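Peer 1: Residue-level listing of the chains:
Number of protein chains: 2
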Amino acid sequence: MEHLDSKDMQLLRLLQNDAKLTVKELAKEVNLSPSPVFERVKRLEQEGYIKKYAAILDAEKLNLGFTVYCQLKLKSNDSYLAVEFEREILEIEEVAECYSISGDFDFLLKVHVRDMKQYQNFVFNILGAVPSIGSTHSTFVMAQVKNTHGLMI
Amino acid sequence: MEHLDSKDMQLLRLLQNDAKLTVKELAKEVNLSPSPVFERVKRLEQEGYIKKYAAILDAEKLNLGFTVYCQLKLKSNDSYLAVEFEREILEIEEVAECYSISGDFDFLLKVHVRDMKQYQNFVFNILGAVPSIGSTHSTFVMAQVKNTHGLMI
DNA sequence: CCTGAAAAAACCTTAGG
DNA sequence: CCTAAGGTTTTTTCAGG
Chain S
0 MEHLDSKDMQ
10 LLRLLQNDAK
20 LTVKELAKEV
30 NLSPSPVFER
40 VKRLEQEGYI
50 KKYAAILDAE
60 KLNLGFTVYC
70 QLKLKSNDSY
80 LAVEFEREIL
90 EIEEVAECYS
100 ISGDFDFLLK
110 VHVRDMKQYQ
120 NFVFNILGAV
130 PSIGSTHSTF
140 VMAQVKNTHG
150 LMI
Chain Y
0 MEHLDSKDMQ
10 LLRLLQNDAK
20 LTVKELAKEV
30 NLSPSPVFER
40 VKRLEQEGYI
50 KKYAAILDAE
60 KLNLGFTVYC
70 QLKLKSNDSY
80 LAVEFEREIL
90 EIEEVAECYS
100 ISGDFDFLLK
110 VHVRDMKQYQ
120 NFVFNILGAV
130 PSIGSTHSTF
140 VMAQVKNTHG
150 LMI
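Chains as they are written, first to last, in numbering that gives the first Met the number 0: chain S, 0 to 152; chain Y, 0 to 152.
Read the hints as simulated data drawn from the structure, not as lab findings. Please read these numbers as outputs of a predicted model, since none were measured by experiment. Among the clues, some could well be false.
What the hints assert, rightly or not - Which stretches of chain S does chain Y cover? Using the computed rule of at least three CB atoms under 8 Å from a CB of chain Y, they are:
1. 23 to 29
2. 59 to 67
3. 71 to 80
4. 110 to 119
To be verified - Across the chosen pairs, the derived CB separations fall in these ranges:
5. S/Ser78 <-> Y/Ser32: 48 to 54 Å
6. Y/Glu59 <-> S/Ser134: 28 to 34 Å
7. Y/Val129 <-> S/Lys72: 27 to 33 Å
8. S/Lys6 <-> Y/Asn124: 28 to 34 Å
9. S/Glu83 <-> Y/Gly133: 36 to 42 Å
10. S/Gly127 <-> Y/Lys19: 38 to 44 Å
Glycine residues also receive a C-beta, built at the ideal position from the N, C-alpha and C atoms.
Go ahead and model the full structure; you've got the sequences and the hints to work with.
Peer 2: Structural data, given as structure tokens:
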């Protein structure tokens with residue numbers, strides 16, 4: 000797709016907030032008939048602007064309401080160790096997100112667990128079993144002020 | 000709902016990965032007929048285990064591929080200032096997430112912008128216009144290693 | 001809680017303007 | 001981009017075990 004016009008952006012915004020909107024409902028919102036809306040949405044999916052459709056779950060209700068940002072340093076700065084680390088971190092289910100970052104630390108993890116006890120177990124037994132990790136620093140989330148679950152476009 | 004059984008968990012897992020799965024497809028995966036699956040999903044929505052269905056967009060393609068974690072301190076620790084800050088941060092579209100955190104800083108922001116130039120503008124002109132903010136510290140995301148877009152359940 | 005069937009709605013395609 | 005029509009699939013409900 001060459002260019003997204005304002006209707007495309009509006010469709011993305013609407014679907015980001017509610018993926019269950021029907022083509023008819025979308026059409027009404029953007030002042031088009033269903034057919035072109037159907038084609039636009041399919042194109043947005045095809046071109047990768049929409050990566051997927053997901054159910055957003057309630058972490059609290061699923062006993063994963065204890066969120067921690069964990070920064071960590073590797074033992075050394077060789078790329079072999081980084082590749083090794085990245086391979087291992089993908090397998091750890093408590094780690095929802097992992098970024099390579101600037102600053103004093105090498106990586107930033109977003110970790111979801113049930114409570115502090117389980118987090119202690121995570122640090123000591125799960126991260127502790129990853130040999131590439133040198134040190135960690137935990138920042139605890141006390142309250143969620145905002146989470147748009149998406150991009151403000 | 001009193002308790003989620005393994006089928007419920009499996010349904011949540013499946014829908015988290017692909018909200019477009021039909022009841023029939025879900026039924027096949029969990030070895031039930033479509034009707035009870037339909038009822039289970041409706042109940043999971045009703046009870047709030049599923050908060051919403053969302054399209055996951057591609058930040059890169061939408062020129063929002065520059066991600067920064069921005070920690071900040073308020074000017075003082077009175078609750079009036081915190082409430083003021085939280086009210087203002089909700090209105091800033093570049094801020095996708097905001098958490099109250101432990102440690103040297105008060106809040107952690109996840110910020111999506113186009114590039115470093117736009118981030119500079121964000122810090123100086125947008126955060127700079129929020130009077131409750133005392134100081135900031137930016138951690139730049141260099142690469143995304145993992146993002147499950149959801150919970151590992 | 002399950003099966004199975006049937007009505008209602010939505011999807012998707014096609015054709016023509 | 002629009003309307004319209006029709007087949008296909010899905011959703012949703014409902015009787016019954």
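Peer 1: A separate judgement is required for each hint: does it hold in the structure or not?
Peer 2: How the hints compare with the structure:
1. Taking a C-beta to C-beta cut-off of 8 Å, the stretch 23 to 29 of chain S contributes 0 residues in contact with chain Y, too few for the three needed, and the coverage statement is violated.
2. Check result for the stretch 59 to 67 of chain S against chain Y: holds, 4 residues qualifying (beta carbon to beta carbon below 8 Å, three or more required).
3. For the stretch 71 to 80 of chain S, the stated coverage by chain Y is violated: 0 residues have a C-beta nearer than 8 Å to a C-beta of that chain, whereas at least 3 were required.
4. For the stretch 110 to 119 of chain S, the stated coverage by chain Y is violated: 1 residues have a C-beta nearer than 8 Å to a C-beta of that chain, whereas at least 3 were required.
5. Between S/Ser78 and Y/Ser32 the CB atoms are about 51 Å apart, so this pair conforms to the stated range of 48 to 54 Å.
6. At about 31 Å, the beta-carbon gap between Y/Glu59 and S/Ser134 stays in the expected band of 28 to 34 Å.
7. Here the CB-CB span from Y/Val129 to S/Lys72 is close to 32 Å, well matched to the stated 27 to 33 Å.
8. Distance hint check for S/Lys6 and Y/Asn124: the Cβ-Cβ separation is about 30 Å, which falls inside the suggested range of 28 to 34 Å.
9. Judged by the Cβ atoms, the range 36 to 42 Å given for S/Glu83 and Y/Gly133 holds: they are separated by roughly 40 Å.
10. One distance hint, 38 to 44 Å for the beta-carbon pair S/Gly127 and Y/Lys19, holds here, with the actual separation near 39 Å.
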